[in-house]
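*Asks:* Letter by letter, the chains look like this.
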Amino acid sequence: MRILPPLSKVGISGRGLVVTLPYLWLLLFFVVPFVIVLKISFSDVDLAIPPYKPLLEWVGQNSLAIKVNFNNYAFLFTDPLYVHAFLNSVKVAFISTVLCLLIGYPIAYGIARATPTTRNLLLLLVVLPFWTSLLLRVYAWIGLLKANGVINNVLLALGVIHEPLNMLYTPFAMYVGIVYSYLPFLILPLYANLEKMDWQLLEAAEDLGCRPWQAFYKITLPLSRNGILAGSMLVFIPAVGEFVIPALLGGPNALMIGRVLWDEFFSNRAWPVASAVAILLLILLVPFMMWYQSVQARESASAR
Amino acid sequence: MNYRRSFFITTCLAFGFAFLYIPILSMVVFSFNASKLVTVWDAANSPTLKWYYSLLHNEEILDAAWISLKVAVINACGAVILGTLAGFGLARFEQFRGRFTLNAMTTAPLVMPEVITGLSMLLLFVAMEQWIGWPAGRGITTMTIGHMTFSMAYVTVVVQSRMATFDIALEEAAMDLGARPVKVFFLITLPIIFPAILSGWLLAFTLSWDDLVISSFTSGPGASTLPMVVFSKVRLGVSPEINVLATLTIAVVTVVIIGVSLWLTRAGKLAAAAAAAAAE
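Which chain is which? The protein sequence lines are A and B, in order. Under our numbering, the residue at position 86 of the first sequence is numbered 86, and the numbers go up by one with no gaps. Under our numbering, the residue at position 184 of the second sequence is numbered 184, and the numbers go up by one with no gaps.
Because the hints were derived from the structure by calculation, they are not lab data. One should not assume that every hint holds.
To give an idea of the chain B side of the interface with chain A (calculated C-beta under 10 Å), a few residues [unchecked claim]:
1) 26
2) 124
3) 130
4) 133
Derived list of chain A stretches under chain B, where covered just means 3 residues or more per stretch with a C-beta under 8 Å from a C-beta of chain B [stated by the list, open to error]:
5) 70-78
6) 87-96
7) 134-142
8) 148-162
9) 165-171
10) 194-204
11) 218-232
Cβ-to-Cβ under 10 Å is the rule here; a few derived chain B residues that face chain A [as the list claims (entries may be wrong)]:
12) 34
13) 36
14) 37
15) 56
16) 69
17) 73
18) 74
19) 103
20) 112
21) 120
22) 261
We treat Cβ as the ideally placed atom computed from N, Cα and C, and that holds for glycine.
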């Protein structure tokens, strides 16, 4: 359905004024930076401030030389550390997304089927942790998981275990942290999708002899496809480049690409290498971002 | 049949919310623990407020909090202006040049890994300094610009979805009665989308207040935000003062979020009542 916006009467100039400011802002501070990252990813590392060599250099009097090199990329592909970090990040993000779905789907479903009053309360409870600092919530897991932490103390007191479990600074801790932090991002879009569901379809299916699980599998699950995709994308894409959680919970062996980028930049001052890592990460993630955008477009089209 | 399913779902909800809230509750409880070991409860001397006292006298944390507050407030105001314009434009103007690009540019920051955004921002500031001499060095200004760029995307989404649900006839009526577009925006559109703008402001404030990665890239020496100080402390292990900080944060967030949602519900009911009265 096409709605003619009344403000279109303002004409091009009025419209232009409204969108020009945010447009230019994002162009300058969001898009142009990527061009610079791309440029620096082709530069040589230099012991200077800033620590890279210019791409364009005056040689002699009037000739300008362009020095493009692929050394940084070649370096990333030959050193197994970086390849491993990339693959590991994708693996960790994928498993975390699946875990978030397994935990988050029943929650989103439960909220969508609750009475309106309960529903608002439960939604508030999902959103509330999201408003408190991510850093502090990740920090809370250090206190829970460490050797003399809460979980170990409780299990020891109950006699379930006889010596503390080693949980902190393991992949397990990292998965817990990522699933915990990203769960609301999955629940909210999924809930928004399930909320629009026509539950009479389920009743009809059951009247026609479907078992509840069959009805769920054949009706609810396919109809909530866009919610599942949008929520999964909101978890998967940022989780691939996650830095804070592996840095705090994962221990020294948690090789995630976001951490590699951080270390190349802050510890090694290798800005060109960090830029090349960022470009490769971007190339990996852009298809998923475009997918996310098309899912969103479909969702808002179906909402009209 | 129905009972079994709801039993399963109720169990999932119970475990899910326990998972979400146990870490938060543990920080609140241990903020009152006297022991420096944090997670070992010192029954003889607890509960105590001594870590509250020491946090409120910790100069490093207080200075960082003050910087974070300044950045967050300026960021929220700027992001709300940019995000409202973008959200309004995307929701109201069906076609304009660059619509696709603007849409993509306001969606991408929502999912972009922060390390990429942070690095690219910093490299832009360095390049700009070389070319035009601004910004000279990095600090609060560059951090605020970085925060505004990603938090305006969130405001855009919030405003855009609110715009999509409200009745366009209200604007048309005002136009038919002779109001100029700008007047319509300020008298009709703005009050209606105000809840979205308020949530957008709070969201932008929180995103900035919590941000570690983009701040670390775009900040300079001497401008450490609260998350930067917390991160460097937490890397060394647990600290009782951080539990206190978390408890204070949770208290403020809970009061503000519940207050705002109650207020918005009431405002919504009043508006509905007024609309019903007008319809009679």
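*Asks:* May I ask which of the numbered hints given earlier this structure violates, with the numbers listed in increasing order?
*Replies:* 4, 5, 6, 9, 10, 11, 12, 13, 15, 16, 17 and 18
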